[in-house]
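Put chain W on the given structure of chain Y with help from the hints.
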Amino acid sequence: MSAADSPDGDASGGDAADAPGGPEGDADAPESATAAVVEAARESDLGLVIGTLLAIYAAATLLTFTNGLNSVVGLMETLTFLGIVYALTALALNLQWGYTGLFNIGVAGFMAVGVYTMGMVVRSPDPAFGPPGLGLPLPVGIVAGTGMAALLGAVAALPALRLKADYLAIVTLGLSEIVRLSLQSSAFDSFLRDTIGAGTGGGRGMGMPDNPVRDLFLVDGQAGDPTALGDLVFGVFGPDGLGISQPILIGWGYIAVLAVFLVGFYLVLERLGRSPFGRTMKAIREDELVADSLGKDVNLVKIKVFVIGCALMGLAGILWFGSQGNVSPTPQFRPLLTFYVFIAVIIGGSGSNTGSVLGGIVFAAVLFEGPRRVGGTVRGLIDAETPPSFADAVATLDPVTFLAYATENIAPLQFVFLGLVLVFIIHRRPEGILGDRIETAAAVDLSERPAGGETDE
Amino acid sequence: MSSDVPEAGDVADAEDVADTVDATDATVDEPEANDSAVEEAAKHVPSGAPPLRVEGLVKRFGGVTAVDGASFEVESGSLTGLIGPNGAGKSTTFNCITGVHEPTAGRVYFEGEDVTGLRPHEIARKGLVRTFQIARELSEMTVLENLMLAPQGQLGESAIRAVTPGLRGAVVAEETELRERAWETLEFFEIDHLAHEPAGNLSGGQRKLLEMARALMTDPEMVLLDEPLAGVNPTLQEKLLDRIHDLRADGYTFLLVEHDMDVIMSNCERVIVMYQGSVLAEGTGDEIRNDERVIEAYLGEDL
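For the record, the sequence lines run as chains Y and W. When the first sequence is numbered by UniProt numbering, its final residue is 457 and no position is left out of the sequence of numbers. When the second sequence is numbered by UniProt numbering, its final residue is 303 and no position is left out of the sequence of numbers.
Okay, chain W solo, but in the shape it has when bound:
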C-alpha cells in the first residue's frame, strides 16, 4: 500500500528523470516538428516516449484534494482504461491533463513534451483531444457544422482570409475538402443521416457518437474519452466500441474513463485503477481483477 503513496523524494526523483527524458525527446521530436506533413505522419510514426505520462499530479480545490499524487503512463497505440469508484479523481485528472484545470503540483507530458498548465486549445493542437462525460454538442449548429468546426489550422479561421475577395478562393477550396472529410467521418460513425440536423435534436447516444466523430476530425494522436458509453443503449455501445477498436487499429491511442467494469475489463488491454486521488493499481484486466487492494477499494463489488 505504502509504495503507492508518493513520497516527496519520489516526486523529486521522478521530476529529475522526467527532465532528462524531456531533453532527449526534444532532440528526437524536433525534426518531426519541422516536417510539413506532421498531421498525417505523426500518429503512425511511433515516437520513443509514451504518448501520455502523468507524474505526481495533485489538484486541490480549497481544502479538498481531488487528485493526490497520481502517476501513470499510457502506451502508444493502446486502449487504456481508467477506473475507480466515484470521487476517485478520474474526471479531475482528465481536466488537469487537458488544461481545463491547472494542476496544483505534478507534471503532464504528451509525447515527451511538458504540457502542464497549457490552455486547452494549445493541448488540443498538439494532438491530445478529449470528449466530455456529459456530451457537449454545439446544439444550435448542425451535425455537419459541428464536425467541420474541429479540423485544426483552417485557412478561413483568419477573419481577413474569410472576407477578402482574392483570398477567399483558397478558403472555399479547403472547405470543399473538409465537407467531404466530414461526410466520410459521419459515415464511419453511421450518423450521416443526421448531417443536417441541429445537434441539439440528437439522442443521448447519438451525441456521444457526434462527440467522438468531432474529436477525430481534429486529427488527433490520442483521444481521452470521458465515459463515452454512459447513457448509451447497448446496441449503440457496441457500435461505439467497434469504432474505437477500428481506430486503434489505425494507430490512435485511447484513454478511456468508464464506470462499467465489464466494458473496461473486456476491451482494455491495460487498466489503471484510481482510488482517493492516486493510482492504486495498474495492469492487465486479469491482474486488476485479482488485486487485493482493488477489491478492498471497491469493497465487495464484484469485479
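Chain Y extracted, bound-state conformation:
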C-alpha cells in the first residue's frame, strides 16, 4: 500500500506527509508507516527487544563488514552475550531496587559467591593446575552456587530490616568487598582447602569447569573432534562453509542457553511482580509504614526479596563468569561491576522487567562495548601519528591528530562518555526507556471493570 502511495506523495512535493490532516492524511505515508511499526514494537515487549537487538546488529555490521563475515558474526556474538548477561543481572537487581526499593550495591559480591561456589563444588579434587574442588557434577554446583548466594542474601537482609536506603547501601557494598577480599586472600584459600577440601585459588583465581555447551559441538573439551552436531554446524557455518570460526559458533550455542535462562528469569519475575506479592513489594518501596499498617509483614517480604534477588544474581554470576574460562576476584568482581548493572537498570527504567532486559542489552552494546569498537574502527581510518600526551594532542591544533589521540585512548574516555550519558538520562528522562509504563501489580487485568458490576449504581 505504501509502495503504491509513496511515488504519488513524492510527486506532489511530500504534502501528504507534511499535512496529515489533509484529504490524503489517512493514506499510509512513509513516515506514519515507520511510526506505526515503532509503535507496534513498543506495544509488544518481545518486538521491542528484538528490534533493539536488530538495530545493534546493524550497527555492528556497519562497523566490521570490511573485515569479513567472521568479524561481523563475532562482534554480534560478543554484544549478544554481554547484553544477555547484563540483562539477567539487571533483572535480579530490578526485583530488589526497582520493585522493592532495596538499595543493594553489593551485586558483584553475590555474583562472585555464586560462581566461586559453583567452581569449588565442581572442580576436580586433584586438578593439574589451581585449587582443588569437590568433584561433584555441574548441576549440583549450579544449585549450590545459587543457594550460597541466596544464603548470603538472607544474611545481608538482616541489616536491611533496620537500615534505611543509604545505610543499607553501605552495608551491602561493604559485604561485597569483604567477599572479594576474602576470595583474594591466600589465608582464606588455605583455610578452605584444609577444612572442606576445596580452595578459591586466592589472587590467581580458579579455572572454570568445562562448558557443557562445548561438549555438544566437540568431543571432550578443548580441541577434540567435532560431534555429529558439531560436524553439521561447522560444515554449514564453519571454515568450510560460511567461514565463521569454531569458538564463535560455540559461543552462539551458549547464547541459546543464556536466552532460555533469560526467558525463565523474565517469566518468574513478571509473575512475581503481577501478584499480591508484587503489590506488597511496590507498597514497601512507596511507603513502608503504610504496608506495615495494612497488615503486611514488611520484614519477611524484604528477606524474601533479598533471598530471591541474590539467588538470581548468583545464578547470573555462574552463567556469566562461569563461561569465561577463569575467574579471579580482582578485577572481575570490583564494585564497578555493580555500578554497571545499576546503569543498565537505570537506562531501562527501574521497576520494569522488560526495561531491565532492554537496559542490559543497550548498556552492553552502546556504553560498554560500543565506544571501544567504534574508537578502534575510527582509529583505523585515521592516518596520523598518535601524540604521546594530551597536551601534545591539543598543542598540534589539528583536529585529526586530536581525534587520533582520543580514539587511541578510548578506554578512559569511555568513562567520561558513560558519565555524560548518565547525567543526560537522569536529567532528561529519569524514568528510563520504559519507566513511564505502568507495570500492573495484580494477577488479573485491572484495565477494565469486568461486566456485571456496573449495575450497583
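For the record, the hints were derived by calculation from the structure and aren't laboratory data. Keep in mind the model is a prediction, meaning the values are calculated, not measured. Treat the hints with care, as some may be off.
To be verified - Derived Cβ-Cβ restraints for the label pairs, each shown as a range:
{"hint": "1", "chain 1": "W", "residue 1": "E177", "chain 2": "Y", "residue 2": "F65", "range": "43 to 49 Å"}
{"hint": "2", "chain 1": "Y", "residue 1": "F424", "chain 2": "W", "residue 2": "G117", "range": "46 to 52 Å"}
{"hint": "3", "chain 1": "W", "residue 1": "S203", "chain 2": "Y", "residue 2": "V260", "range": "47 to 53 Å"}
{"hint": "4", "chain 1": "Y", "residue 1": "L136", "chain 2": "W", "residue 2": "G117", "range": "45 to 51 Å"}
{"hint": "5", "chain 1": "Y", "residue 1": "G253", "chain 2": "W", "residue 2": "E177", "range": "21 to 27 Å"}
{"hint": "6", "chain 1": "W", "residue 1": "T164", "chain 2": "Y", "residue 2": "A169", "range": "29 to 35 Å"}
No residue lacks a Cβ here, since even glycine has one placed at the ideal position from N, Cα and C.
Positioned in the frame of chain Y, the structure of chain W alone reads:
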C-alpha cells in the same frame, strides 16, 4: 482534677484488673479464633470486652513526655471522638495503639487481648486498622491497586504461589474476587471514576477517601481515623461523615481524632478529651461542652 492523674497504685490496680479480664476473655475468644470464617463473623458478633481499652499509657521521647498515663475505653459499635489541644498527645496515643511506637509504660487491649508492643502489621491483622493524619497514599500505584493491596492473608502474597504454574490458578481466582470487592468499595466511596488513576494524582480530599476505603478493604473490626476531615472541602466532609455513619450501622467501631469541635460534637456519641498527655474528661458531647476543666483547658475557646 487530681482524680484524673493516675497514681502508681491506680496503675497497679488497673493492671491486676486487666489481667483477670484478659484471662476471662481469652477463654471466651478462643472458640471464635478457631472459627474459619472469623473475618466475616467477628465484626458483627459483640464480644464481651470493649474493642479497645487503653490503660495508663505513657510515652516519653527523651525528656519529653508526650503521653502521660492516658486511660480510656471505646465501646463496641460506637463512634468515639478523641479531642484535645495541640500537643495533647492524641497522635502519639494513636501511634502507641497501632504499634508504630512502643509505649514506655501502660497497656493496650484490643478485644480483651493484650496487644501492647506488637508490630503494626500484627495489630492490623487482629482487625485494628488506622488511617494517617496526612494521607499516605501509595502514589505510584493506581487507586485500584492501593485497594487491592489491603485485604489480609491473600494467597498470592506467598512468592511460591505467585510463581508456580499449578498454584497460580487459585491466586488468579482470588484476585478476580478481590478486584470486584475493590470496585464495590470504590463505588461506596464514590471514587470509582478514579480507579485507574495513580494515587499520587488525587486531590487531598480524594486521598482521605482512598485511605478510608483502603483501611476498610482489610476487613477490620475497628478503624482509627487520624483527622480524616483535615484539609477536606465541606462537600467531601459531608460525604466522608455519611460513609462513617453508614459503616457504623454495619457494626464497625470508630475512634476519630479531629480538631474540628463541631464535627466531633455533632457526630460522636462519646467524646474523650486529652490534655497534656492524659485523659481530662470523658462523656457525651453535652457533658464535655459543660465540663469546667475542658473549658479551662481550651481557655476561652468556644465549645
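How the hints compare with the structure:
1. E177/W to F65/Y: 43 to 49 Å: violated (58 Å)
2. F424/Y to G117/W: 46 to 52 Å: Since F424/Y and G117/W have Cβ atoms about 50 Å apart, the given range 46 to 52 Å holds.
3. S203/W to V260/Y: 47 to 53 Å: holds (49 Å)
4. L136/Y to G117/W: 45 to 51 Å: Since the Cβ atoms of L136/Y and G117/W sit about 48 Å apart, the hinted range of 45 to 51 Å holds.
5. G253/Y to E177/W: 21 to 27 Å: Violated: the Cβ-Cβ distance is about 47 Å, outside 21 to 27 Å.
6. T164/W to A169/Y: 29 to 35 Å: About 32 Å separates the Cβ atoms of T164/W and A169/Y, which means 29 to 35 Å holds.
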